[in-house]
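Chemist: For this one, chain C is given, so just place chain P on it according to the hints.
Residue numbers (our numbering), protein chains in the order written: chain C, 13 to 134; chain P, 99 to 583.
These aren't lab readings, by the way, just hints derived from the structure by calculation. Accuracy of the hints is not assured; some may be wrong.
One side of the interface only, derived from the structure: several residues of chain C facing chain P at Cβ under 8 Å [to be verified]:
(1) Val106
(2) Ile117
(3) Val120
(4) Val123
(5) Tyr124
(6) Lys127
(7) Lys128
Built from N, CA and C at the ideal position, the CB exists for glycine as well.
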Amino acid sequence: MVNATVDIFIQFFLMIVLAAGMFVAMLWIVHRLMPTSRNPNKGIPYECGVRPTGDARVPYNVHYYLVAVLFVLFDLEAVFMYPWAVTLRTLGTVAFVDMLVFIAILLVGFVYAWKKGVLSWE
Amino acid sequence: MEWPDITSILPEVILAVAALLVLLVEPFLKKDKTAVIALALIGLLASAVVAVALGGNSRAAFSGTIVLNSYALFFKVLFALAAFISILMSPRYLEASKRHLGEYYALILLAVIGMDVMAAARDFIAFYVGLELMAMCSYILAGFFRYRIRSNEAALKYFVTGVFASAFTLFGISLVFGFTGTTNYEIISSNLGSTGNATGVAFATALVVAGLGFKVSMAPFHMWTPDVYQGAPTTVAAFFSVGPKAAGFSAILIIFTTVFESSSEFWSVLFMVLSVLTMFVGSVMAIVQSNMKRMLAYSSITHVGYLLAGLAALGRGLDTKAGESIILYLAAYTVMNLGAFGILTYLKTQQPEGFDYSLKSFAGLGRRSPWAAILLTLFLFSLTGIPGTAGFIGKFYLFTSVVRGDLVWLAVLGVLFSAISAYYYLRLMIYMFFREPETELTVKEPIEGTLAAAVALSAAGVLFLGLFPQWIWDHALKAFSNLFG
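Okay, chain C solo, but in the shape it has when bound (with noise of 0.2 Å):
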């Protein structure tokens, strides 16, 4: 019992300096392998070529942020509604009424998100 736990942890050990080993060794070949020619313009972002304008981080409508947790949301709802609609027949009636308790409660949400005016664009 003692040895058999002992193996399992020189190998757990083994396996953990292997990873870290090719981990340390492939950087360092490409390292070493890589051609180096320092130039300033190899330190600006890369923007498809570009030269970059302005700050990246600028502060987006708080709209949008909502807009993508509803998104989520509602696609997760498909997501869901996949593997039912193809199992309905046989899964019956109970899968049916499963399906619309979720909706209904999806609804609420909906119905909340939309009086708290998420969906209003100005």
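Modeler: The following block gives chain P in isolation, referenced to the frame of chain C:
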């Protein structure tokens, strides 16, 4: 596919419908939030009534992952009561803080669903879903005053540490699953002793203790408690101090008497050490607090220490009656702590700017607002454990069970720490009745409205449990007799 047995989760379904209705109605309301408050209160009442009506004979649903028996019933009623009192004390406070939103009530209802599931779960996955539902709502509630930096701090601290603790719990659960290949409590409990190796089981036990220990704020996982209580809205802190703690203990009792039954000797010792540590940290830190919300936070940590002593006794055998004593203590603790926070809430609504929960701001309260002072005295007496109050009954049963578990030294330590706790509770009374205020704070109105109902309900609970303990003890016995059903 067969129709699921919906009756065993009917209390939760009712709460969910109430929460959804609150969210549906809220956007259509203008200033007046009476409708959503009424909806929330009716939902809580209905769920408690349905639980009582159904809880007589135990039933299981969803392949035995959820049960409704007298144990789950006890906690469902307790959680509903805690949420009911918290909601009653909220409207005036939220109005005074200029942030009265209907979502608050929906979040509390959803948190109660999570707690109900934790007490009713007999499967790790169901338990974890309940835990997370409760936790998510708590994180949002902690940051409910999102324009205040302290509230944000509370939410962030609670969230980061809470997620960390959840990960610990999950790791422990995954180990247990690895040993037994199932998440069902009962099957695990019959297999874990034979299939799991002792070190691994001890490791899993410790991880689950760490994760749940965070939720009930046992030392050394208590660091978040004072900061969160201080930063969160007072009514939310009141709810946090009782709801999630009772839920955590409801899950601990189930998990440790079934899943980790085989390692009971180990966790009994573990809880002994944690109990002493928790009582010590709570008492010592409570003495030096000048902010009463922080003092109550540390006092709640001390109370968790007493409860852990009960758990240590539970590890020595079920015939110590430690489990029953723990749930009785939780009931007593719920009413007295909610009452104390209720009075703090009242004082804050009277002085949104001037009252800062500091010890000094209580000076002269006995003259200014005698009723508030007398009621707070009652709750503090109960927290200390003076005979005639719920706190005394709770401690009496709890320490008796600890003695029955052959842990006389732990019971003595518990009583000693109760004596120390008298210092910081009584100090507040001295300020209320015997100190003259430096700057005169005025009280605009007496305790009235729903806040009065909340405080009266708590006070009635404290006195009823304190004077007629047999009723609650009978229910605790009945609840625990059906733990495995």
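Chemist: If a hint holds in the structure, say so; if it doesn't, say that too.
Modeler: Outcome of the hint check:
Restraint check, Val106(C) versus chain P: the minimum CB separation of about 4 Å is within 8 Å; hint holds. A hinted interface residue such as Ile117(C) counts as satisfied when its beta carbon comes closer than 8 Å to some beta carbon of chain P; here the least separation is about 6 Å, so the hint holds. Here the hint on Val120(C) is kept, as its CB sits about 5 Å from the closest CB of chain P, short of 8 Å. Interface hint at Val123(C): satisfied, since its Cβ lies 6 Å from the closest Cβ of chain P, which is below the 8 Å cut-off.
Taking 8 Å as the C-beta cut-off, the interface hint given for Tyr124(C) holds, the closest approach to chain P being about 5 Å. Taken as an interface hint, Lys127(C) checks out: its beta carbon lies about 3 Å from the nearest beta carbon of chain P, inside 8 Å. Interface hint at Lys128(C): satisfied, since its Cβ lies 6 Å from the closest Cβ of chain P, which is below the 8 Å cut-off.
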